[in-house]
Amino acid sequence: MEIMKSSLKLLASCASLRALKQIHAHMFLNGLHHDNYVAVQLLSFCSRELREVGYARMIFNSLAHSANVFLWTAMITSYSNHQTGTMREAFTIYKLMQQQGPSPNKFTLSSVLKACSSLQAVAEGYAGSGNMLAARELFHLMSERGINSWNALVAGYTHNGECWEL
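Quick note on full-length UniProt numbering: the sequence shown kicks off at 1 and runs consecutively.
Since the hints were made in silico from the structure, they are not lab data. From the three backbone atoms N, C-alpha and C, an ideal C-beta is built for every residue, glycine too. Each hint should be verified, as a subset may be incorrect.
[What the hints assert, rightly or not] Here are the computed lysine-lysine pairs in the DSS-like style, where the Cα-Cα straight-line distance is at most 25 Å: (1) K95 x K106; (2) K5 x K21; (3) K95 x K114; (4) K21 x K9.
[What the hints assert, rightly or not] Simulated restraints, written as ranges between beta carbons of each label pair: (5) N61 x H159: 39 to 49 Å; (6) N148 x N30: 43 to 53 Å; (7) K9 x V154: 50 to 60 Å; (8) T92 x M1: 34 to 44 Å; (9) Q22 x T158: 54 to 64 Å; (10) C163 x A12: 52 to 62 Å; (11) S103 x L133: 28 to 38 Å; (12) A25 x G146: 41 to 51 Å; (13) V154 x A12: 41 to 51 Å; (14) H140 x M1: 43 to 53 Å; (15) E49 x M142: 23 to 33 Å.
Using the sequences and the accompanying hints, generate a full structural model.
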């Protein structure tokens, strides 16, 4: 327990990916790498503070077989809090969770909805700026296309004089 506390204190003062990797190695050597609570803290810090989603995904992948709902949610949240290019990964992790993991909870669904709304806003932005190809690609990425999604796509085509594409 003392090793866990000291490791988490070190994590809170971490300022670089290099230091994070050293802390991660320390946790691994002390057998903390299988603890879901520690993994959630490590993954969340890595993603939120250092903006290293790739390293966070590596941590997640190493524990996915034994991950609890909190670790799955932390990974989905990591992707949904970052740039648009990672929104697709939030959905990929969510689909994997549905197939292999625990049942999602309200926090999981909140993170998935955040990714959905971010994609919706980006699709509207693409459509409004005339990039209908990108808007259409995002539209097709959405697992569920509601009335707002359809309205954004139709409005984009209309605004850009491409009604024949409908």
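Ascending list of hint numbers which this structure does not respect: As far as the earlier hints go, not one is violated by this structure.
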